[in-house]
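Make a model of the complete structure from these sequences and hints.
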Amino acid sequence: IRTISCGHLDALVNWLHAYLVNCGAPLNFFRFDRFAVPATMDTSAGKAIGALLERVVTLVLRLLRDPSGEVQSLAVKSLGPLTTKVKDQQVITIVKELVTSMEKSGDEQLRGVCSIGLKTVMSALPAVLDNAVVQLAIKESLVPLLNMVISHSDDNVRVEACEVLTEMINNFGSHLTNHHLDLLECMLFSLSSPQNTLRKRASQALGSLTWSISPKYFASLLAYLLSRLRNATIFVRAGATTAETEEQLETLISNHALLQRPRLTTQLRQSATVDMVKTLLQCLNVVGRHMLRAPNQLRPVLRLLTIILRQPGSSDSDMDDVHELAIQTLETLVRFCPRALLPTLPELISLLCERLVYDPNYDYSASDDDGDRMAVDDGDADVYFDDGDDGDDDYSDDEDSSWKVRRAAARALEAIISTYPEKTSEFYVNIAPLLIKRFNDREEPVRFNIFSCFGTLLRQTRISPSASTAFGVATDSFVPVFRPNDGFPQRTATLNAITQSSVMELQSQLKDPTSPPSRLLALLPTVCRSIQRQASLSLRRKSRSAAPVAGRGAPGIQHAAFMLNRDLALALPGHLGDQLNEILSLVHAYSLDPSTSNTVKVDMIDLVVLLLSTHSADYFRPNLDILLQLAVWAMKDPFYRVALEGLELTQLLSTQLRSLAQESLVMTPFAPLAALLEANDRDLELKEKAIASAAVFIGQVGDLIGPGLDKCLKVIYCRLRNELTRLSAVRAIHIIAVSKVPLKLDTFLPSASDELATLLSQSDRVLRLTTVRCLYTIWCKHPQLVGSKCLKTVLDLVPRLLGSEQDLQTAQLIIHLISLLLESDVGGTSGQRVSQFIASDHFIQPLIGLAHSPLLRGQALEAMLRLMRAIGKHARTNEQDHMLITLFLSRLLGPLNGGGLLIDSISPPAIPSTTLHRDALPSLAQCIAELLAELPTSPMAKIVPGSVSSVNVAVDRLIAAVQNSNSSPAEVFLDLLILGELGRKLDLSSRLDLREIFLSCLSAQAFVPLSEDHSPSPRSTTTGSTLAEQVKPAAALGLGRLVVGQPETLLPFLVDRISEVATGYLGGGGCAGSATSVLTTRPGPQQQQHLYHLLQALKEVLTNLAGFNTTNALRTHLDAIWSLLIASSGLPEEGTRSIVAECLGRLILVSPRQLINRLRQQVGCVYRMAMNRSSLIALAIWEIGSHHTFC
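Mapping of the sequence shown onto this note's numbering: position 179 corresponds to residue 179, and the numbering continues sequentially without gaps.
Hints may contain errors.
[Unchecked claim] Pairs of lysine-lysine, DSBU-like flavour, derived with a Cα cap of 35 Å:
no.: 1; residue 1: 740; residue 2: 636
no.: 2; residue 1: 781; residue 2: 744
no.: 3; residue 1: 437; residue 2: 423
no.: 4; residue 1: 85; residue 2: 96
no.: 5; residue 1: 278; residue 2: 104
no.: 6; residue 1: 789; residue 2: 744
no.: 7; residue 1: 789; residue 2: 714
no.: 8; residue 1: 789; residue 2: 740
no.: 9; residue 1: 96; residue 2: 77
no.: 10; residue 1: 744; residue 2: 711
no.: 11; residue 1: 744; residue 2: 636
[Stated by the list, open to error] What follows is a set of in silico ranges between Cβ atoms, one per label pair, in the way DEER data are often shown:
no.: 12; residue 1: 1157; residue 2: 878; range: 49 to 59 Å
no.: 13; residue 1: 1161; residue 2: 338; range: 23 to 33 Å
no.: 14; residue 1: 58; residue 2: 271; range: 50 to 60 Å
no.: 15; residue 1: 178; residue 2: 87; range: 22 to 32 Å
no.: 16; residue 1: 878; residue 2: 680; range: 42 to 52 Å
no.: 17; residue 1: 84; residue 2: 640; range: 49 to 59 Å
no.: 18; residue 1: 360; residue 2: 112; range: 40 to 50 Å
no.: 19; residue 1: 578; residue 2: 667; range: 53 to 63 Å
no.: 20; residue 1: 1133; residue 2: 512; range: 51 to 61 Å
no.: 21; residue 1: 1157; residue 2: 806; range: 46 to 56 Å
no.: 22; residue 1: 796; residue 2: 996; range: 43 to 53 Å
no.: 23; residue 1: 1157; residue 2: 876; range: 43 to 53 Å
no.: 24; residue 1: 70; residue 2: 344; range: 49 to 59 Å
no.: 25; residue 1: 862; residue 2: 292; range: 49 to 59 Å
None of these hints come from the bench; they were simulated from the model.
The structure presented is a predicted model; accordingly, all values stated were derived computationally and were not measured.
Cβ atoms here follow ideal geometry from the backbone N, Cα and C, with glycine treated the same way.
Okay, here's the thing in structure tokens:
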């Protein structure tokens, strides 16, 4: 179309016409979404394409009448993209044609197709304000659709028109402002239709309309619904005083323009039938989601619903249905208007509790009297509860619908419990006892919802640790059981939330008798007795006999009751001890029942695991045999998920056998565990879990299984050599290696460590990480069992594992492993091999590359520092390796030509300084300082020429390098950082020249290094000024770390120096920090920068010393530092004020109570300057953002 000439367009259109008429079906051949008229096309071509599109529209509309349903479906689908491409007039043509066909066509199928097409067109139109085509489409379609809904003779047409109007309201609600009254009248009128489908569609339309109508019309809508409900025949007949008088009705109509419409006025004067009442309540339920738009109408709605629910039931089901709908409306109001309903909450709870016990056709008194009698038949291992007359359970009344009311009441109570968590304690008084009593409701749907409601209440009672117990002191209460990390996620997922802090919070709340846990604990015996009664096998068999086919294979109501035990265990961890016998007896009975489904098996073993994990082992001593039998039964189950849970249970039992002094029972679970470990035809997940469980079992009681230990270790070694199971085997070896039990691993660990070393060359990153951790553990716990072959393989693979910055985690673990080898001082041939490897370029080159990386931070940096310490200690204790420190220093300082620390005779070839990133200098300085800190304080007797023989020599050379005029900025920067790090690690407080070099770097306007005779060295002023600005941050950081090393000696020096600089431009008329302290002269840029960097040094000191373990030196000078910082808070330079604010924030950690009161007084002082207040407010923001907890 874009390329052919205009003369050929007619032929194309004719062909299209013939194709559509004759073939019809493949209409999706035309991709309207890809069709557009080019802007550069000439006028004649544009007109021709416009005519073509017009004919396409005509042909598509004609195909809507095609006798083939598939053709009609394709035609309807094409209307959406076609609407977005054609002109506005053609869109109006489509809308008119569809509306006319809906209204006047006698073909029912065509009317349905046109209604779908009209909804498709409305969905395709853009929902944009002031869009002309949208306004025209609404104008052409709205009035005819309203007339169809109100007056069309065919009910199906009325329903379809109502659906189209709902689509229009959803898409263009804001465009229909002028038609809201007409829409409300139409939908409210349709609520009285005898056709149920139309009433439902009208209710849906009203729910969509409430988003966009004004509050005035929303109030009119509610007034109509409430008036119709008050005048309902069912309530008048029941004697309720809800009917309105004629005078009240006239007043209501006169106050609302909507109700003055003749159709609605007529309906208001009529009594609503029962079906109409149900529809009105359904509509009120939908509209109630937006009740907050008219909060003044909420009280009348609640009053009417209360009156309805207090109406007595009738012999038929109509009143029960009405009560159900009224309760559902209350539930909606609770969920969407919780705060507004809070004052009336007690009344609502009382009303719902009345409806929860509404069962006029059944007497529970007999079963309640006998229901508490419980017995356990040990003969057949069954647990049953006598519920009175067995015939009561067979009672059934198909015409009784009161259960719907009870079910709705249970759902509404559940909504209240979940919506108002702050009222949980009160719910245990006014709701929980009734729920427990209603556990024996005769209808299963009701019991399901009651169990769900009570489960929600238990979940609301779960403890989440608060800030007050996060740093509390441990108590003698239950501590969650340690679960070995076997590589598998915790199968009881919610058990992860039961931490020591949450248990402490629970103990704290149990001291309050009004807290939810305390009130639950008081109800615990009754709750557990009721739960076990409902979960008993006797009721389960009766339920299955009543519905043997439907209930087969699926968990029933007894399973829902049984799962409440899980919620109880999570709500009161460690406090179900007296009820454990009943729970475990029931679990044992379930395990012996052949009809127990796999889902129930998994859930009940999961519950036992949870109970074992949250209770002291002494509670399980009487039932240990049952637990072991359950574990054996589960591991032998053919379903893999049940076997998985059995293995998890076996793991926990193995951790408790020693504490219970039941070592003689070890072999009971070992046999099935060994069988699962050796099985080759089971699921892979089950194999991996069996390996992990066997490792935990061996780590706990491996010394008690005799020859079975070697058998299991051989299987684990075989699994280590299998590609599918080797990761699980590595984790298993790690668990065995860390075991405190004396195990005979002389044969297993040497061969296993050799195999583990080869896994370091695998591409699987997780496998490599796990292997390194395992080898580290073996070398740490059993170094004598690691052979030379393993060591050689590891050392050969280390350089490759260190060579990439992309995997710092692997590099970190490898560095820790090498550090361990150096620290353990392996002797003999292995020790010599490690020493040679450390000094080889094969190892040094990737290690130094990592040390020069700007990414070396956090845990990776800690590993590198540990290695540097180990190298320094190794070189100090081994005379043959005394040059190792010098070797590493030369390689670390290679890019800086020795950095002034090494003389030229041993410095490596010069490397351009650009190869060393500036961000790498702080971490590099720490590495070098760790090496230098291992040197002796005074020179050794034998001094190797060119080496750094002592710490004092290193300090002298570093100071000289800083003063050297030929030193590069990177050299000076690094040397200052090294000096600071050395000062933090060693006592250098006696080196006065060290303090002076830091102060001279901070105070110099242009950095002019001094020669030995203290005369300025020849350097240009421009170069010196640039260098000074580059090295001042390092000097500030180094000075701060120097003070951190010896705060008792150096902190007064730093405080005095800051005071001296600040006094230069702070007025001396007032006390520092007082309200009259003002800035008398505007400081110069150099003075501001000097003070700024001194404050940076102070911030470094406070960062390291202030906190929960504050030194006495900081407390001694607390007042002086506080006054100095307060006086500096009004400086005009914003960067300085930010540093002051952060320093004040860290200083507050020294004495929070005292200093926060001072801060409050300073902020509230009206005499303070605006900039002082700005700094203090910035301090408050920093303190809040730091999440500190003040005691």
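Outcome of the hint check:
no.: 1; hint: 740 / 636; in the structure: 30 Å, holds
no.: 2; hint: 781 / 744; in the structure: 13 Å, holds
no.: 3; hint: 437 / 423; in the structure: 21 Å, holds
no.: 4; hint: 85 / 96; in the structure: 18 Å, holds
no.: 5; hint: 278 / 104; in the structure: 33 Å, holds
no.: 6; hint: 789 / 744; in the structure: 21 Å, holds
no.: 7; hint: 789 / 714; in the structure: 20 Å, holds
no.: 8; hint: 789 / 740; in the structure: 26 Å, holds
no.: 9; hint: 96 / 77; in the structure: 18 Å, holds
no.: 10; hint: 744 / 711; in the structure: 12 Å, holds
no.: 11; hint: 744 / 636; in the structure: 29 Å, holds
no.: 12; hint: 1157 / 878: 49 to 59 Å; in the structure: 58 Å, holds
no.: 13; hint: 1161 / 338: 23 to 33 Å; in the structure: 41 Å, violated
no.: 14; hint: 58 / 271: 50 to 60 Å; in the structure: 52 Å, holds
no.: 15; hint: 178 / 87: 22 to 32 Å; in the structure: 25 Å, holds
no.: 16; hint: 878 / 680: 42 to 52 Å; in the structure: 51 Å, holds
no.: 17; hint: 84 / 640: 49 to 59 Å; in the structure: 54 Å, holds
no.: 18; hint: 360 / 112: 40 to 50 Å; in the structure: 46 Å, holds
no.: 19; hint: 578 / 667: 53 to 63 Å; in the structure: 31 Å, violated
no.: 20; hint: 1133 / 512: 51 to 61 Å; in the structure: 53 Å, holds
no.: 21; hint: 1157 / 806: 46 to 56 Å; in the structure: 51 Å, holds
no.: 22; hint: 796 / 996: 43 to 53 Å; in the structure: 50 Å, holds
no.: 23; hint: 1157 / 876: 43 to 53 Å; in the structure: 51 Å, holds
no.: 24; hint: 70 / 344: 49 to 59 Å; in the structure: 57 Å, holds
no.: 25; hint: 862 / 292: 49 to 59 Å; in the structure: 55 Å, holds
Checked against the numbered hints given earlier, the structure breaks hints 13 and 19 and satisfies all the rest.
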